[in-house]
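Visitor: Each chain, written out:
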Amino acid sequence: MKEHGPGNVGYIAVWAALVVLTAATVAVSYVHLGMMNIVVALLIASVKASLVALFFMHLRRESRLVWGFALTPVFFLVLIIAGTLSDTLFR
Amino acid sequence: MRETMWSGERPLNGNASPRGYLEEKGFWAWAYTLDHKRIGVMYLYTTLFFFLVGGVFALLIRIKLMFPGQHIFTNQTYNVMFTMHGALMIFLFIIPAIPSGLGNFFIPLQIGARDVAFPRLNLMSYWVFVAGIVVILFSLVRPMDTGWTFYTPYSARTSADVTVLSFGIFLIGMSSILTGLNFLVTIHKLRAPGMTWHRMPLFIWSMYATSIIQVLATPVVGITFLLLAMERVLGVGFFDPAKGGDPILFQHFFWFYSHPVVYVMILPAMGIISEVIPVFSRKPIFGYKAIAYSSVAIALFGFFVWGHHMFVTGMSGTAAIIFSLLTYSVAIPTAIKVFNWLATMYRGSITFESPMLYALTFIFLFVVGGLTGMYLGALGADIHVHDTYFIVAHFHYTMVGGTVMGLLAGLHFWFPKMTGRMLGEKMARPAWLLMFIGFNVTFFTQFILGFEGMPRRYAEYPAQYQALNIVSTVGSWVLATGVLIMFANFVRGLFRGAPAPPNPWKALSLDWQTGSPPPTENFREIPTVTDWPYGYAGRQT
Amino acid sequence: MSGEVTHKEAAMTGHEPHMDPATAREAATLGIWTFLATEVLLFGGLFTAYVIFRIKYPRMFYEDHLMLDRVLGAVNTIVLIGSSLTVALGISAIRKGKVRLLRMYLSFTILLAATFLGIKYLEYTEKFSHGLSPGTDIFFSLYFMLTGLHGIHVLAGMVVLGAVLYLAGKGKYSESYHTPVEISGLYWHFVDLVWIYLFPLLYLVG
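In the order they appear, the protein sequences are chains B, H and S.
When you number the first sequence by my numbering, it's gap-free, plus one each residue, and the end is 114.
When you number the second sequence by my numbering, it's gap-free, plus one each residue, and the end is 1099.
When you number the third sequence by my numbering, it's gap-free, plus one each residue, and the end is 207.
Read the hints as simulated data drawn from the structure, not as lab findings.
Cβ coordinates follow ideal geometry from the N, Cα and C atoms, glycine included.
Take these hints with a grain of salt, some might be off.
For each label pair, taking beta carbons as the anchor points, the in silico distance ranges come out as [claimed, not checked]:
| no. | chain 1 | residue 1 | chain 2 | residue 2 | range |
| --- | --- | --- | --- | --- | --- |
| 1 | B | 84 | S | 129 | 37 to 47 Å |
| 2 | H | 711 | S | 129 | 23 to 33 Å |
| 3 | H | 847 | S | 176 | 52 to 62 Å |
| 4 | B | 112 | H | 925 | 31 to 41 Å |
| 5 | H | 872 | S | 64 | 52 to 62 Å |
| 6 | H | 1064 | B | 90 | 36 to 46 Å |
| 7 | S | 73 | H | 851 | 43 to 53 Å |
| 8 | B | 56 | S | 73 | 21 to 31 Å |
| 9 | S | 23 | H | 802 | 48 to 58 Å |
| 10 | B | 90 | S | 167 | 48 to 58 Å |
| 11 | S | 167 | H | 617 | 50 to 60 Å |
| 12 | H | 925 | S | 129 | 52 to 62 Å |
| 13 | B | 90 | H | 1010 | 53 to 63 Å |
| 14 | S | 129 | H | 802 | 17 to 27 Å |
With a straight-line Cα cutoff of 25 Å, these simulated DSS-like cross-link-like pairs (lysine-lysine) come out [to be verified]:
| no. | chain 1 | residue 1 | chain 2 | residue 2 |
| --- | --- | --- | --- | --- |
| 15 | S | 99 | S | 173 |
| 16 | H | 1064 | H | 984 |
| 17 | S | 57 | H | 801 |
| 18 | S | 171 | S | 99 |
| 19 | S | 128 | H | 801 |
| 20 | H | 1064 | H | 847 |
With the rest of the complex left out, here is chain B (with noise of 0.2 Å):
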């Protein structure tokens, strides 16, 4: 956040890509590949979702703390899927 961030060009370029992962995952749903479809889909959504936390959030930038903040909620989003899992799967 301290000093300017990818610039102009490297915002539109994030956001080509952005809408260019939006259009194959679109035309990737429309081929059945079973369980593989929710894995691509998860992965580009991954991959975009990535993108924008790197770059228009700068996250790329910030310091290690703010990742911290960033990231352990995510570690408490899988714990309290898993810890359900762990009950609805096996009952």
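Fit chains H and S to the known structure of chain B by using the hints.
Guide: Chains H and S in isolation, oriented as in the chain B frame:
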């Protein structure tokens, strides 16, 4: 901050006005204040008021339970009363009292800051809290009878106003989140020069851990109550088996918040105990780092054990075994704290002023509460005593014996700092003694009742349990008498107490190095910290 | 915070400014990331429900998701990604002190947000006209709760960005002080980020 720095009656950063931050008067000077100390005081008044209201409900419950059949109140009234007792005590008293009240007041003082990071957010958080209370009062039109846990499917169907109450608690949760967020940032960014993490008072460490829980767990209960309300309003079916939903899922969500939140209740109290014990033992705290890190460990481990509230719900055996095992992990950091407090006192020059009496009571009662918690974490034992008075006794030993005793230790400890007046020890001690006796008579009997199989929550019970119930009810009267004397002492101290010197307990943390009461800006100059706040001289030779 | 703001705060609180500008900016950044963490877990409850029920009712999820309009969903994704870009460009503008440019980009962003909600409104009315409501079944419960909660966040974002736009018009922000712009921008990107997951989970792989 070595012990030689005690400045007797002369504070490091003195007062311009003897009334300090209390100088400005009038309703708006409080309602619009951005001063963390005033906001803290407003929280304290609000939460202590609901402590008394919740206490009245408790007394009524106990009176009803003197008789096995349907006496005095109808069973429906009883259901409402124990729900209100639980909901008010949990959401309006025990969760916010220490963090939002004492935490607000003392975090900036102890880290040598002028205020919290976001004073306006802090004020907003208080008024959101009040808005939540107003909404909760509205729900009394059709009062709640679900117990404070709101379990589905009953809560989705009862004619009581669950929707409104859910919304009220959503607001209370929001306030809690904002407070936690504010404290996290404050502790990270506003420590005085020289105050490294390992020079922070242990109360700050415990509040840091508490804030982590508030921030990460509270949103989950927010969405849970929102979904519960939507279930009633829009017919959403996540928790409704008739629609393919899963009522146990509600309990998972609920306890993902509500188990960690018991550490929101207990951790700040543990922080207070860590402050009080070295001051009244005149010894450096033993195992500073162990106590500090164990706070964070408790916060973290607390997220992994929520399933132990659900052993008898029909949860999978796999989950039950995992959660049972994980539950024991919380015992480790908790025990670390207790042993370190004991080691701090060992060969100290202990004096028994009222804060220390409450701190010692905390250790004693909390160990009973904690160890009985170990029984409950064990699958087999839990199935035997689940939903009996054993559980009621267990959590009252942790919540009242733990959190409330910690809060009272803190209130007696910091009363001179907050008000500028001393509390009379003559009334404080009998009040403490009555509470100690009353509490144990009330709740120890409930351990026995629970072991004998008396189920909790029901309005009626088999006549064989009556004798012990009468004992328990009489105990509640003794307890209430102690509480009343204590409050009378607070009021007396507020108006008649002798003027307090800046540092009556000769404590070393920064909060005591400024005036009593502190000036609005806390410190004339921001102090530079060169040492930890526990360098007491040890045994006087 | 700028001298002006801290001065005003000092007048309001009777406090000395309690943070220097650099600390204030770092605190604000840390604060908003903390807030976003709470948001992750707010949505987290619904995501957990999604996982649980998707495993339990794969067939229902498959059949129901075909009833959603994935073209409209994709368009909305593009709209939201575009709004993220305009916010990023707006922040980059104010970092160079270009207030007019900031206001232009913010106006675009709010317009795109309104477009998003407009399309959402079309989708909702279409669903209701086919008798699909939050009470229809678990999938539609999830659909309406997730998109509804997200929609409320979009609405809140519009209010926040509108306030920033208004204050920018009053000349509150400059090259040296624009923390609120950055903060609300981060919030807006987060709203986009949630949608990036909602779109495939609901429209594509149901």
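Visitor: What hint numbers does the structure not satisfy?
Guide: Violated hints (numbers, rising): 3, 5 and 10; every other hint is consistent with the structure.
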